[in-house]
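Start from the sequences and build out the full structure, keeping to the hints where you can.
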Amino acid sequence: LAMSTMDIIKLYGGEPANFLDVGGSAEGEQLVEALKLLNEDPEVEAIFVNIFGGILRCDNLAASIIQANKENSFTKPMVLRLKGTNSDVAKSMISGKEEELNIFYNE
Numbered sequence: 005l006a007m008s009t010m011d012i013i014k015l016y017g018g019e020p021a022n023f024l025d026v027g028g029s030a031e032g033e034q035l036v037e038a039l040k041l042l043n044e045d046p047e048v049e050a051i052f053v054n055i056f057g058g059i060l061r062c063d064n065l066a067a068s069i070i071q072a073n074k075e076n077s078f079t080k081p082m083v084l085r086l087k088g089t090n091s092d093v094a095k096s097m098i099s100g101k102e103e104e105l106n107i108f109y110n111e
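Just so we're aligned, residue 5 is where the sequence shown starts under this note's numbering, counting upward by one.
Since the hints were derived computationally from the structure, they do not count as laboratory data. Hints are supplied without guarantee of correctness; some may be wrong.
[As the list claims (entries may be wrong)] When the alpha-carbon atoms are kept at most 27 Å apart in a straight line, the in silico BS3-like pairs for lysine-lysine are as follows:
(1) K80 to K101
(2) K95 to K74
(3) K14 to K87
(4) K87 to K101
Here it is in structure tokens:
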């Protein structure tokens, strides 16, 4: 999924900086730290999160995004696509907070 996502971004004129394969072993604090690093990098213009939740549940990722924003307000826009385990829960967690989190939620 990560390589296909980067290919599509490139196809439409974007320049992906890198990708992070969080796998199933990522803990909340690791996800928060990864988001902070991306937000602080001056070369990063936007953050694109494309997750098909299986082992890593979408609600856990949503909680990490909310926590990372509390600790270090996002200055970069984030496009978020969550599908899979608990994606409906994740959507309800983010719903109404898109402007505060600077998130564009894509179904």
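Okay, the hints, checked on the actual structure:
1. With a C-alpha separation of about 15 Å, the suggested pair K80 and K101 falls inside the 27 Å cut-off, and the hint holds.
2. For a cut-off of 27 Å, the pair hint linking K95 to K74 stands: about 18 Å separates their Cα positions.
3. Between the alpha carbons of K14 and K87 the distance comes to roughly 22 Å, so the proposed pair stays at or under 27 Å and holds.
4. Proposed proximity of K87 and K101 is supported: the alpha carbons are some 19 Å apart, at most 27 Å.
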